[in-house]
Amino acid sequence: MSAELFSLFYQFADVFAFLILSAAGLAIVFGMMGVINMAHGEFIMCGAYVTVGLVNLGVPLAIAQILAAVTAGLIGVLVEFLVVRRFYKRPLDSLLATWGLSLIVTQSMLLIVGSAVRGIGTPEGSFAIGGYTFSTYRLVLFGCAVAVLAGLYIIFMKTRFGVIARATMQNAAMAKALGARTGRIYAISFGIGTGLAGLCGALYAPTMTLIPTMGATFVVESFVTVVIGGANVLLGTAPAAVFLAMIRMALNASYGQIIGQIGMLVAVILIIRVLPEGLSSVLVRRGR
Amino acid sequence: MNSGHKLRMVLLGAMLGTVASMNLARAAEPPLKVGLLEDVSGDLAFMGMPKLHGSQLAVEEINKSGGILGRQIELIHLDPQGDNARYQEFGRRLLNRDKVDVLIGGITSASREALRPIVDRTTTPYFYTNQYEGGVCDASMISMGAVPEQQFSTLIPWMVEKFGKKVYVIAADYNFGQISAEWNRKIMKDLGGEVVGEEFIPLGVSQFAQTIQNIQKAKPDWLLTINVGAAQDSFFEQAAAANLNLPMGSSIKVMLGFEHKRFKPPALNNMHATANWFEEIDTPEATEFKKRWHAKFPDELYINDMGYNAYNALYMYKALVEKAKSIKLEDMRKVIATGDACIDAPEGKVCIDPKSQHTSHRMRLISVGPKHEVKVEKDYGTIQPYWLGEIGCDLTKKNDKDQYTPSHLPKKS
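Taken in order, these protein sequences are the chains called S and L. FYI, in my numbering the residues of the first sequence are 279 to 566. FYI, in my numbering the residues of the second sequence are 2 to 414.
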């Protein structure tokens with residue numbers, strides 16, 4: 279019995295980690311900043327490729343993953359400066375620009391790195407409970423997802439930067455008038471967002487096939503989580519991931535992956551219909 | 002460099018009795034146009050790239066040795082990027098605008114079925130160069146890859162005998178996975194085995210924690226893995242990390258997707274497959290072929306069976322055209338009807354079966370070890386693609402233009 283219970287928790291943790299890690303970066307870039315970043319998947323891919331490249335050079339996995347996230351973050355700052363900065367008042371154009379960027383990046387990777395890269399293998403470690411065996415690394419992923427949420431809470435709720443960033447997102451002109459350097463705030467926020475996307479790729483790199491289009495497998499889940507979460511990163515994304523993970527886990531377990539995926543998307547449609555502002559609109563109102 | 006190959010060309014030329022003066026006259030003729038549709042970007046690019054390379058290698062070799070009927074070949078490749086709508090659009094473009102003399106290509110069975118009705122409206126021959134779930138009875142299509150009677154009727158009895166009667170199936174959720182799973186059900190039933198679970202996975206899904214637990218709950222003796230594409234291949238890494246440790250069998254792994262080269266050992270340990278080609282074949286003919294390939298494409302990670310079949314398709318086309326002395330499909334089919342449409346491929350002699358227009362193959366059962374070393378477990382010799390003929394498909398008499406499965410058989414007339 280306890281094996282079944284643990285199995286339920288493990289499956290929930292697994293889907294939850296996938297949703298949180300793939301959505302955290304987008305929650306900042308899209309949820310807070312309002313940039314429809316179609317290249318989100320490519321920042322994830324970037325994190326994965328940098329990780330594998332560094333590990334192949336002999337860098338220990340954990341350090342490679344951190345460096346990969348930092349790399350994705352720095353590239354994000356550069357992309358913000360060169361491209362995204364011009365589109366803050368034109369969200370639909372930002373969609374086109376970042377989509378174009380995504381196409382350029384995937385095709386360039388295909389041409390430069392090739393169509394497939396050899397994987398690095400998941401860190402050893404599995405444990406058995408009852409008749410089931412589990413991969414330890416999947417629990418590490420869950421731990422990382424929780425840590426990312428905690429980190430975001432601290433950055434955006436407890437630091438001076440967080441206060442100014444939230445002020446800038448709410449009313450850039452007023453923040454600027456009060457002396458905030460909004461351009462820099464936007465660049466750093468975008469960098470944190472893409473850095474988290476890179477972290478997602480870095481963490482999942484050992485468990486997946488690396489191809490230039492691998493980001494696409496994360497993109498649907500990440501957008502869906504952010505959209506039903508609503509504008510508030512912490513009060514929206516986390517409950518959205520819990521909610522979607524429960525639905526998907528239950529349906530996956532009883533009816534298989536197809537129904538799991540369909541069920542999750544149907545739930546998303548219903549939520550958007552009932553709560554167009556996302557889950558956080560309800561939670562924030564309650565909180566007041 | 003490749004004297005054996007050149008000798009073959011010379012002999013073929015001599016057999017046909019083409020005299021030098023005729024060749025000269027023909028040299029002025031316009032080149033034969035070969036339309037090629039292969040994905041070299043998108044989710045299946047890593048499989049499609051060897052297909053493009055195989056075609057390019059064959060075209061280069063054939064052109065160097067005098068072309069087909071003295072005519073050079075012009076290869077027109079378009080990249081449908083794994084998108085079935087684009088397959089149709091590009092297929093129409095090649096057939097109607099470029100007026101290609103032959104159409105080759107398609108990776109997934111979904112792309113082939115998207116293309117086939119368009120080909121059927123023309124009189125252009127179409128070569129499908131993948132192994133697949135079998136059953137297409139269509140006079141316009143010549144299939145170069147292996148089919149279930151060559152792959153599943155060999156693999157599944159062997160797996161049952163060696164590992165046990167309970168199988169769990171993980172299949173990609175489209176026609177290939179669904180029909181292959183149907184084949185498995187039929188063969189397992191005949192063997193008195195039991196399918197303890199079947200899971201169909203949408204393309205693009207990359208997370209398998211739940212699937213791994215479903216498998217452990219069902220307690221199978223072995224797994225049939227017919228998952229497709231880079232995302233779904235992540236299953237192997239995740240199953241290995243969770244220490245699932247079950248024997249696996251497949252009709253597409255190793256020789257087609259070269260997972261044993263793409264994943265770190267031992268993720269593919271204990272995988273089994275039946276194949277007409279895998280790069281580890283070391284006969285003299287195969288070694289010679291691999292040498293030519295790697296000389297032209299030094300960066301190729303693995304020469305997979307699709308790429309190999311794509312290479313053969315052009316030589317088969319050449320053999321058919323030269324025997325028929327015509328580039329018309331109906332004349333080529335007359336050659337096929339004689340049962341004498343054969344080429345000496347790197348795996349050995351392969352021939353097109355007149356009734357189904359599918360290709361005979363020398364099949365071997367291979368296994369992957371803990372260090373991802375590939376071993377031949379059993380050599381089945383040449384196996385004919387007999388199933389379509391047995392159930393009543395006879396393209397020499399009637400063009401069904403249909404795809405049959407164990408549950409969808411031709412109507413008895």
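Hints listed in this document are in silico derivations from the structure and should not be mistaken for laboratory results. Hints may contain errors.
Which residues of chain S face chain L? A few of them, derived with a C-beta cut under 8 Å, are [to be verified]:
(1) S285
(2) F287
(3) S386
(4) L388
(5) V391
(6) R396
(7) G409
(8) F412
(9) S413
(10) A445
(11) Q448
(12) M486
(13) T487
(14) I489
(15) T491
(16) G541
Built from N, CA and C at the ideal position, the CB exists for glycine as well.
Violations among the numbered hints, reported as their numbers in ascending order: Violated hints: 2, 3, 5, 10, 11, 16; rest satisfied.
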